[in-house]
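If you read the protein sequences in the order shown, they are chains A and B. Reminder that position 263 of the first sequence reads as 344 in this note's numbering, one-by-one numbering, no gaps. Reminder that position 62 of the second sequence reads as 1244 in this note's numbering, one-by-one numbering, no gaps.
Read the hints as simulated data drawn from the structure, not as lab findings. Ideal Cβ placement from N, Cα and C applies to all residues, glycine included. Don't take each hint at face value.
What the simulated footprint calls covered on chain B by chain A, stretch by stretch (three residues with Cβ under 8 Å from a Cβ of chain A suffice, anywhere in the stretch; the number is not a length) [unchecked claim]:
#1 1201-1210
#2 1227-1239
#3 1245-1259
Computed beta-carbon distance windows for the label pairs [stated by the list, open to error]:
#4 A/R663 to B/T1268: 33 to 39 Å
#5 B/H1258 to A/G461: 47 to 53 Å
#6 B/M1240 to A/R256: 49 to 55 Å
#7 A/I549 to B/H1258: 24 to 30 Å
#8 A/I497 to B/M1240: 19 to 25 Å
#9 B/P1215 to A/T287: 56 to 62 Å
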Amino acid sequence: MNPAPLVALVGNPNAGKSALFNALTGARQKVGNYPGVTVERHAGRLALADGRPVELLDLPGTYSLDPSSPDEAVTRDVLLGKQAGERLPDAIVVVVDAANLDNHLRFTLQLIALGLPMVVALNMFDLAERDGLVLDPEALERELGVPVVPTVAVRRRGLDALKERLAEVISPGARTLREGHGVPHDITVLQRRARQIALAATVSETAVRRWTHRIDAVALHPVAGPVLLFGLMFVMFQAVFAWSEAPIGWIEGLMAWLGEQAGALIPAGWLHSLVVDGVIAGVGAVVVFLPQILILFAFILTLEASGYMVRAAFLMDRLMASVGLSGRAFIPLLSSFACAVPGIMATRTIADDKDRLTTILIAPLMTCSARWPVYTMVIGAFFPNRQVLPFVGLQGLVAFGLLITGILGALAAALILRRTVTRGATSGFMMEMPKYQWPQPRDLLLGLAQRAEVFLKRAGSIILVTTIVLWALLSFPKAPDGQSQVEYSIAGRIGSAIEVVVAPIGFNRDISLALLPAMSAREVAVAAIGTVYAIDDPEGDAGQETIREKLQSRWSLATALAFLVWFVFAPQCISTIAVTRRETNGWKWPAFMVGYLFALAYAGAGITYWTAVALGLG
Amino acid sequence: MNLPAPSRVPLNALPRMGAGVVASVDWHALTEPEARRLRELGLDEGVEVELLRPSGLMGGPVACRIGRMIVALRRHVAGAIHVAPTAG
């Protein structure tokens, strides 16, 4: 049987394309990757008016078939049938913003020239009317010569009509592109033609001062704007910790219950130890960050959907320009506070290669959520929870200091990289600022569900495997009586080798042992230190002495501080290294990134340790 | 090349909320990708523009309206766009 016809959804950025995609396919979506690039492939299923199923492909938004970034290149290649692993679409749906016809029709004209069957979705029709713009869709259809359907994706209006018109244009049989679809390459010619058509389709237009202008009067204000941005960031980071407390408790409860259930089922022995201490405890230690990651992403997705994110980039451009980047880099860097992996993937919207590479190289310096458990464990053990200023606790202040250290380190690194290895012409900053809109809960929930899925898959694969491997390395070979199991184990011997290198910066054997598994993901360090102390404690009095007390008795304050600074800089995350390799097409840049970050971590931790010892904190 | 008439000012020299019509664009002052993206954003002679947020003391980007779109531009790009201000 033939596969279902493939329909590509194409349009300018900010045309409401993803909202239309979500409205048409609902939860029947699949997020994958195009081979060779990390541009996400969003596909979904829908049934046409006549019942035929089609596969709908949501292509990255672009202004023309002349790409200026990797994600725009995917759109062009799919539409020209040149994308590896993708069929030439059987039809395209062009999404245009009804309130911005002049501009969006130019791309539509380019697409019409391809000769594929197509339907134009005249989207956000209601917003155009609210802006005082009365359009005649039939006139537009006559001018363009292709079907035009007014839609309001967020209110699910016009969807049935769209499916009907789509059913009419899709016919069985092979597709070919029109010969010489090169179209008039001169953008200006197309642009002027687009303006004529837009004028012909406009019934009347009254000037209305839009909401967007009123909000921008504050959001882009030289003083009020940065204050608002800082306030939003503050609320966001507060929420990540404050709102996650309860759900983290539930997950911990669930994991403890799972451990008990499994423990009761499996007889004592190595399998019991593997499942309960290894798998459930290890994976559980990571899954507890899901609430924090989701809260952070909820903020980021909301800021993006509302149109504010580009304003934040606007405000940050001056600062970013001073280190050789642009405001556009702010968006992936902000995502990196949740996790560097989606952050690095989000750099694909940056047009300039050197600019993009620099952003990738500094993204791991943003304090990702995997560092917080490490910070929390060590800060909790060594810094009393006392107020230093009204509303400011000492522990929070230390954590904030580590966050700022990471940001300053990233800015300094960008400054140096842009003058050395990623030297090049400074890229510009030119971005369309979309109209403000209310984020749609459905789009937000779909986005969060996709993030959660990606995170849980990671926890279920990489972290599961490393946890099992660490457990095995720590448990074998069995130490003879009177010898420490940890020291005798394979991991203990590897740890001793690492210890030689890290002893000068104040790291003891426990830390050396934790550094290796923490390469899989930073948060594993917490679980690893817990496992080391548990396996090293054959009497099993772990219940009496908490990890906090063990740390206090075995680590000096200088060691603790050095350990924290190490985690600010060290590239301890296999996923980040892997995504960097994929994004930069080779091992050169991930190798460089790992090298420079380890050097920074070693120097930073060393300076911290030696200074602390000199101050008598050793 | 014709010198811009005195009534033409660079976009970034318009007063805040000042509007005008693009008279000419100094495409040679821009890099090729900059020029292309600017065209893609709908900038062309005869298009109405408005300066919404000037560059400020620190020399940050400007926010302007090009046709029906709001666009962020670096100062040197806005400086290459010559505008005939509309009265009022």
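Here is what the structure says about each hint:
1. 1201-1210: It is violated: at least three residues are needed, and the stretch 1201-1210 of chain B offers just 0 whose Cβ sits closer than 8 Å to chain A.
2. 1227-1239: holds (count 4)
3. 1245-1259: holds (count 10)
4. A/R663 to B/T1268: 33 to 39 Å: Check failed, 50 Å falls outside 33 to 39 Å.
5. B/H1258 to A/G461: 47 to 53 Å: holds, 50 Å
6. B/M1240 to A/R256: 49 to 55 Å: Because 52 Å falls inside the window, the suggested range holds.
7. A/I549 to B/H1258: 24 to 30 Å: violated, 56 Å
8. A/I497 to B/M1240: 19 to 25 Å: Between A/I497 and B/M1240, where Cβ atoms are some 22 Å apart, the hint holds.
9. B/P1215 to A/T287: 56 to 62 Å: violated, 37 Å
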